[in-house]
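Visitor: Sequence:
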Amino acid sequence: MTSRSTFEKEHIDGLFGELNTDYKGMPESEQLHRDAHLAIAYHDSGRQIPDSIDPRVIALIAKYGPTGI
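The sequence shown begins at 42 in the working numbering and counts up one residue at a time.
It should be emphasised that the hints constitute simulated quantities derived from the structure, not laboratory data.
Keep in mind it's a predicted model, so treat the numbers as computed, not measured.
Cβ coordinates follow ideal geometry from the N, Cα and C atoms, glycine included.
Incorrect hints may appear among the rest.
To be verified - Computed Cβ-Cβ distance ranges for the label pairs, DEER-style:
hint	residue 1	residue 2	range
1	R88	E49	17 to 23 Å
2	G87	K65	29 to 35 Å
3	P68	T47	28 to 34 Å
4	S70	K50	17 to 23 Å
5	P107	P68	27 to 33 Å
6	S46	P68	29 to 35 Å
7	R75	A103	17 to 23 Å
8	Y64	D92	19 to 25 Å
9	G66	Q89	27 to 33 Å
As the list claims (entries may be wrong) - Subject to a maximum C-alpha distance of 20 Å in a straight line, what follows is the list of computed EDC-like cross-link-like pairs (lysine to aspartate or glutamate):
hint	residue 1	residue 2
10	K50	D85
11	K65	D95
12	K65	D54
13	K104	D63
14	K104	D54
15	K104	D92
16	K104	E59
17	K104	E49
18	K104	D85
The task is simple: from the sequences and hints, build the whole structure.
Guide: Take a look at the structure:
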């Protein structure tokens, strides 16, 4: 068993809440949401988040993710 925490509902709600507040209706909104879903999956599987994920999403992962990211 790993000591790495996984994303819980409150982490995901905070992350996507901020994405919606800041980027809803903007052209990049859909891609940012896709990147966020992918980044969460990478994190929860214990894999490194690739450089192809938008830096804004990486910042939100660090802000809203479980401790230990």
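Visitor: Each hint needs a verdict: does it hold in this structure or not?
Guide: So, going through the hints one by one against the coordinates:
In this structure, R88 and E49 meet the distance hint of 17 to 23 Å, their C-beta atoms being roughly 19 Å apart. For the pair G87 and K65, the beta carbons lie near 31 Å from each other, so the given range of 29 to 35 Å is met. At about 31 Å, the beta-carbon gap between P68 and T47 stays in the expected band of 28 to 34 Å. Distance hint check for S70 and K50: the Cβ-Cβ separation is about 22 Å, which falls inside the suggested range of 17 to 23 Å.
Between P107 and P68 the beta carbons are some 30 Å apart, a value that agrees with the proposed interval 27 to 33 Å. Between S46 and P68 the Cβ separation comes to about 33 Å, which falls inside the hinted range of 29 to 35 Å. With their beta carbons about 18 Å apart, R75 and A103 fall inside the hinted range of 17 to 23 Å. Checked against the given bound of 19 to 25 Å, the beta carbons of Y64 and D92, roughly 20 Å apart, stay inside it.
Taking 27 to 33 Å as the suggested C-beta distance range, the pair G66 and Q89 conforms, at roughly 32 Å. Restraint check for K50 and D85: satisfied, since their Cα atoms lie roughly 13 Å apart, inside the 20 Å limit. Note on K65 and D95: the hinted pairing holds, with a Cα-Cα distance of about 16 Å set against a maximum of 20 Å. In summary, the hint linking K65 to D54 is supported, as the alpha carbons are separated by about 15 Å, within the 20 Å threshold.
Restraint check: the Cα-Cα separation between K104 and D63 comes to about 15 Å, which is no more than 20 Å; the hinted pair holds. Our distance criterion of 20 Å between C-alpha atoms is met by K104 and D54, whose separation comes to about 12 Å. A distance of roughly 18 Å separates the Cα atoms of K104 and D92; the hinted pair therefore holds under the 20 Å criterion. A distance of roughly 10 Å separates the Cα atoms of K104 and E59; the hinted pair therefore holds under the 20 Å criterion.
A threshold of 20 Å between alpha carbons decides the hint, and for K104 with E49 the separation of about 14 Å falls inside it, so the pair holds. At roughly 16 Å between alpha-carbon atoms, K104 and D85 fall within 20 Å of each other, so this suggested pair holds.
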